[in-house]
Every structure is written in C-alpha cells, then in structure tokens.
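Chains as they are written, first to last, in the working numbering: chain Z, 727 to 885; chain E, 679 to 864.
Treat the hints with care, since some could be wrong.
[Unchecked claim] Which residues of chain Z face chain E? A partial, calculated answer using Cβ under 10 angstroms:
#  : residue
1  : P765
2  : T769
3  : A778
4  : I782
5  : R787
6  : A791
7  : A792
8  : K796
9  : I811
10 : A814
11 : F820
Bear in mind the hints are in silico, worked out from the structure with no lab data behind them. Heads up, the beta-carbon is just placed ideally off N, CA and C, and yes, glycines get one too.
Given next are the chains, with one letter for each unit.
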Amino acid sequence: MTRALAALAAVVALAAPGAAAASDQHPTLADLEDEVMCPTCHTALELSSAPAADRIRAFIRREIAAGKTKSEIKASLVDQFGEAILAAPPTRGFNLLAWLLPLVGGALAVVLMAFAARRWLVSRGPPEDEPGHEANGRARVVDRDLERRLDEELARFDA
Amino acid sequence: MGRRLPKIFLQIAAVVLIALLLGIFAWQLVNRDSATSLGDRVNAGATPPAPTFELERLVGDGTLSLASLRGKAVVLNFWASWCEPCKEESPRLEQAWQQWRHRDVVFVGIDSQDLEGDAMNFARRYGLTYPLLHDGPGAVIGHYGVTGFPETWFVDRHGRLVGPRIQGPISNRTLRRNIQRALESS
C-alpha cells in the first residue's frame, strides 16, 4: 500500500511540471484567459465580453497560431499594457510582496494566536489534577461535592 | 514594567498601522476626486494646468511630450481601435487637422488600453496623419479622468486646459469653436 502511494506521488510529481511545460509550449486560449485581465473592465478575460477583451482574445489566438509560447504571449501583453494586464502579479521585484505579505500575515496571525492562547491558559490556572488546584476555592468545592456524591453512590451500591 | 513594554510597543504599532491604512485610503480618495473633478472644473470655465505626459509615438520612433507643444493650441483626443464611435469621429479629426495644422494648432491622438497592432491598423485604415501616441496601460486617462472613448480636451498655448471637454464624437462646429478658444486664451 505504501509503495503504491509512493509510486502515485512520484507519478504526480513528475507529471505536474510536464503538464505545465506543455501548457507553456503549446498554450490554448483557455490557458491564458484566466491569467490575463481585460484592461477596460478589470476582470479576467474569460469573464469579459468588452470590445477590448475581444481584441485581446483575437491577439492571443493569432499569437498561438504563430507558435508563441504562453510566456512569450504574456510578455508581449505586458509590454503593451503593463503588468496590470496579468491576473496575478509576477513573483519578482516589488510584486513579490503581494505573494509574501499574505504568508507573513498568516504566520504572524498563528504566532499571535498561540501567544494569546498561552496567556489565556496561564491566567485560567492549573488543571484539576495538578497539586496547585487546591488553591482554587471554587474548584475545590465542586470537587468535594463530587466526592460526596460518589461516596453516596458507592454506599448505595454496597447496600 | 518589563512585561508592559512589549504591550505598549504592540499598541503603538497597531495605531501606526491603522494610521498608515487610513492615509493610503485618504490619498486614493483625494487622487480619485482630483481626477474626476478636473473635467468638472474645466466644464465650469476654469483653466487648470493640463496634466503632463510623455508617451511613445504609435507611428514612428521616439516620444512626444505635452510640454514640447507649449506655445501651440493642442487638441487632445483619447481613442482606441475597439471604440465604435471613434471610427465615426476619426475622419472628421483628420479633416480638421489638415485645416488647422499650419495655424499653431497640433492634434494629438492618445490611443489607450489598446493593442499597438490594432491601433496602427486603425490609423492606416482612416488615414490619420496627426501625431498618435500609445498609452497601453492607460496611465494618462487616469490623470485626466477620462471616462470613455472618444473624449477630446483642449490645451491653450500656455499648457492650460480650456473647456469644455467633449465626451463622445466631436462635431466640426464644436471642434472649431474650442480650437478658437484655445488659441485666444491668454
């Protein structure tokens, strides 16, 4: 079973970059439509029926027919419209922040939550089965009550 | 005191962060308002300085800046090849350009949010000979607060906008009247 899973993981790991490379070398319009924005309506090309979006779709079709790769087509669009034409910011330069900030923010949130949880646990006092528990008056009363009820139940059982 | 210090720092950091976000929001708000109100001000008769730009020529090499046209009246026409009303307007602009080009008037067509190849085909099809500039990202339309294509603005000899701005295809009469206004503005 473990071997089968490992083999499957290996196949997926090997196939994914292959598929990505194939998509880059021989892209389809659909491959690019969700990665390119309509410049006038600021939605993904696949969601837009604006005249400008139609022109860009026609341009992509022409470029694909001319044998251009996905990266080349995107570079050509960026050259004409700027980087705002891309649905996702590139992973370099200042735009890298758009990718890193959510990760940093997420990590920071986890650290803050862990810190807050620790503080909350400390302020709540030790659990009932620890020696320090006797210091908590209310917990001790509940404990005694339970003890009494347990004794009564046992006595009833013995009788 | 030792335990309180980080808490104070966190509070200060939070306040600074919120102030920063508010500042960005206010900046965006002010910028957007100044862009949209430029047209209103011009339509109301004000003559604010025309936002400057320097863009690549669509046909031929090099760039053209608005500043380099100081001393002449400028007809600034924003268009795109995918814009249907621009097809109706372009021959009229070309005709007017031929009439005014030797009288201290420059027509400048700014092709925005458009593919360069499509724009060049458009210019060829309609025989446009006045200077055409390419602004693919549409940065200049943001400065002017252009809301659609075509849109025409007029700049006087001193680089100030003279109104009104014309949204939609411009008529010969409006074109003539506004060029005269730009030439006579002192």
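So, going through the hints one by one against the coordinates:
no., hint, in the structure
1, P765, "4 angstroms, holds"
2, T769, "14 angstroms, violated"
3, A778, "5 angstroms, holds"
4, I782, "7 angstroms, holds"
5, R787, "13 angstroms, violated"
6, A791, "14 angstroms, violated"
7, A792, "12 angstroms, violated"
8, K796, "18 angstroms, violated"
9, I811, "8 angstroms, holds"
10, A814, "17 angstroms, violated"
11, F820, "15 angstroms, violated"
In summary, the numbered hints that this structure violates are 2, 5, 6, 7, 8, 10 and 11.
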